[in-house]
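Trainee: Each chain, letter by letter, is given below.
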Amino acid sequence: MRNVLFSAILLLFFGGLLYLAADLPFGHPPRTDMDDYYIRHAQEQTGANNVVTSIVFDFRGFDTLGEATVLFTAVLGVGMMFRKLKEGEEYEND
Amino acid sequence: MKMTKIVRTTADLFFPFCLVFGLYVVVHGHLTPGGGFQGGAVMATGTALLLVARAYDDVTGRIRKGAMKACEAAGLLIFLCAGFSGLFAGRPFMANWLAPAGQWFRTFVAHGPNPGDLNTAGLLPLLNFGVGIEVLGGLTVILLYMLSGIKEEKK
Amino acid sequence: MTLFLLVQALVLLGLIVTAVLIISFKDLLAAAIAFAAFSLLLSLEFYLLQAPDVAIAEAGIGAGLTTAIFIIAIRGTQRHEEKT
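Protein chains in written order, with our numbering: chain L, 1 to 94; chain S, 1 to 155; chain R, 1 to 84.
I should point out that these hints are in silico values taken from the structure, not numbers from a laboratory. Please note: incorrect hints may appear among the correct ones.
What the hints assert, rightly or not - List time: in silico DSBU-like cross-link candidates among lysine-lysine, alpha-carbon distance up to 30 Å:
hint: 1; chain 1: S; residue 1: K69; chain 2: L; residue 2: K84
hint: 2; chain 1: S; residue 1: K65; chain 2: L; residue 2: K84
hint: 3; chain 1: S; residue 1: K5; chain 2: S; residue 2: K65
hint: 4; chain 1: R; residue 1: K26; chain 2: S; residue 2: K2
hint: 5; chain 1: S; residue 1: K69; chain 2: S; residue 2: K2
hint: 6; chain 1: S; residue 1: K2; chain 2: R; residue 2: K83
hint: 7; chain 1: L; residue 1: K84; chain 2: S; residue 2: K2
hint: 8; chain 1: R; residue 1: K26; chain 2: R; residue 2: K83
hint: 9; chain 1: S; residue 1: K2; chain 2: S; residue 2: K65
hint: 10; chain 1: R; residue 1: K26; chain 2: S; residue 2: K69
To be verified - Derived Cβ-Cβ restraints for the label pairs, each shown as a range:
hint: 11; chain 1: R; residue 1: F4; chain 2: L; residue 2: D36; range: 24 to 34 Å
hint: 12; chain 1: R; residue 1: H80; chain 2: S; residue 2: L87; range: 27 to 37 Å
hint: 13; chain 1: L; residue 1: F14; chain 2: S; residue 2: V20; range: 43 to 53 Å
hint: 14; chain 1: L; residue 1: L12; chain 2: R; residue 2: A30; range: 26 to 36 Å
As the list claims (entries may be wrong) - A few chain L residues that don't get close to chain S, going by computed Cβ distances all over 12 Å:
hint: 15; residue: V4
hint: 16; residue: L5
hint: 17; residue: F6
hint: 18; residue: S7
hint: 19; residue: F13
hint: 20; residue: F14
hint: 21; residue: G16
hint: 22; residue: L17
hint: 23; residue: D23
hint: 24; residue: L24
hint: 25; residue: P30
hint: 26; residue: T32
hint: 27; residue: D33
hint: 28; residue: M34
hint: 29; residue: G61
hint: 30; residue: E67
Backbone N, C-alpha and C fix where the C-beta goes; we use that ideal spot for every residue, glycine too.
For reference, chain L alone in the conformation it holds in the complex:
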């Protein structure tokens, strides 16, 4: 009984979401002023044929720096978790 109720609520929820999403226009507005600027000026300002790379590494280079730092910190965290324990040292939550 509870399962049926749960399934019905879930179906209703997703059906409502799909119904709402069906009305959304896909790819609208087709382009904004910022897209226009990037598409027109990316090649001459950065010299890269790949506009995506010119945005990721040049116009939004600071974000990519943050992403690289996040990856570095993640590897540091994994290294701390898997480090070799010294003699007589124990994990805190053992």
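Fit chains S and R to the given chain L structure using the hints.
Mentor: Just chains S and R now, with coordinates in the frame of chain L:
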């Protein structure tokens, strides 16, 4: 769980091709789809293939943890130095000061579709390379740590 | 246009089938391989929607590295799901 000979041979065979394809994606980052992160992930997939197929003691000769750590740190350092080099050229941080004119990576690019030239895009190839080896080093170090943590039963 | 829609419908159907397979397999190695197939189909879908950058990232991270991490974890623990 020990992998069969078929898996090990296939992994050995695919490993260099994965590395070369990843390096291609990294180097052509400013011309074709892909870039530093994607190319680094492809290269790390090559090393992951080798790590999955073999035991930890078998791979340490070919993939060294120290070298991978050095790769990771060097990648982030290259990125930071390329960013700060804009300050010495009298431009803001992370500015693409190499792009307009000169010898290295400075060929003029026409607007619109064109075949492309590796010698373009100023700082972008350098940044791509830095991020590429950082992703390769970082993901491989994570996998190596995980693999060294498990205890394999003797064959 | 019809062919494009047909291929896309096939890929989306395959996505749903592999997603159901992932949670229904009791053999964890088979579930990891089904996850790799799911990621590969997802990257194909990204490519069909003209996002090749995301497709390469998805194929590398999803189909390659995540599967490798899962397989290494299965090597460290046990292959079959425990009956509860």
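Trainee: Hey, K69 (chain S) versus K2 (chain S), does the alpha-carbon distance stay inside 30 Å?
Mentor: With a Cα-Cα distance of about 27 Å, the restraint between K69 (chain S) and K2 (chain S) holds, given a limit of 30 Å.
Trainee: Determine whether the non-interface label on G61 (chain L) survives the test: each CB of chain S must be over 12 Å from its CB.
Mentor: violated (4 Å)
Trainee: Beyond 12 Å from chain S, beta-carbon-wise, is L17 (chain L)?
Mentor: holds (31 Å)
Trainee: Please verify that the nearest CB of chain S lies beyond 12 Å from D23 (chain L)'s CB.
Mentor: holds (32 Å)
Trainee: Within 27 to 37 Å or not, the Cβ separation of H80 (chain R) and L87 (chain S)?
Mentor: Hint violated: Cβ distance 58 Å, outside 27 to 37 Å.
Trainee: Hinted pair, alpha-carbon criterion (30 Å max): K26 (chain R), K2 (chain S). Please report holds or violated.
Mentor: holds (20 Å)
Trainee: Measure nothing beyond the straight line between the CA atoms of K2 (chain S) and K83 (chain R); if it is 30 Å or shorter, mark the hint as holding.
Mentor: holds (24 Å)
Trainee: Quick one: are F4 (chain R) and D36 (chain L) within 24 to 34 Å, going by C-beta?
Mentor: Since F4 (chain R) and D36 (chain L) have Cβ atoms about 27 Å apart, the given range 24 to 34 Å holds.
Trainee: Assess, step by step, whether the Cα of K5 (chain S) is no farther than 30 Å from the Cα of K65 (chain S), and give holds or violated.
Mentor: Roughly 25 Å between the alpha carbons, so the hint for K5 (chain S) and K65 (chain S) holds.
Trainee: Could you grab the alpha-carbon distance between K69 (chain S) and K84 (chain L) and see if it respects the 30 Å cut-off?
Mentor: Answer holds: K69 (chain S) to K84 (chain L) is near 16 Å, not above 30 Å.
Trainee: Take a quick look at F6 (chain L) and tell me if its Cβ sits farther than 12 Å from every Cβ on chain S, holds or violated.
Mentor: holds (37 Å)
Trainee: Does K83 (chain R) lie within 30 Å of K26 (chain R) when you go C-alpha to C-alpha?
Mentor: Holds, at about 9 Å.
Hint check: violations occur at hints 10, 12, 29 and 30; the rest are consistent with the structure.
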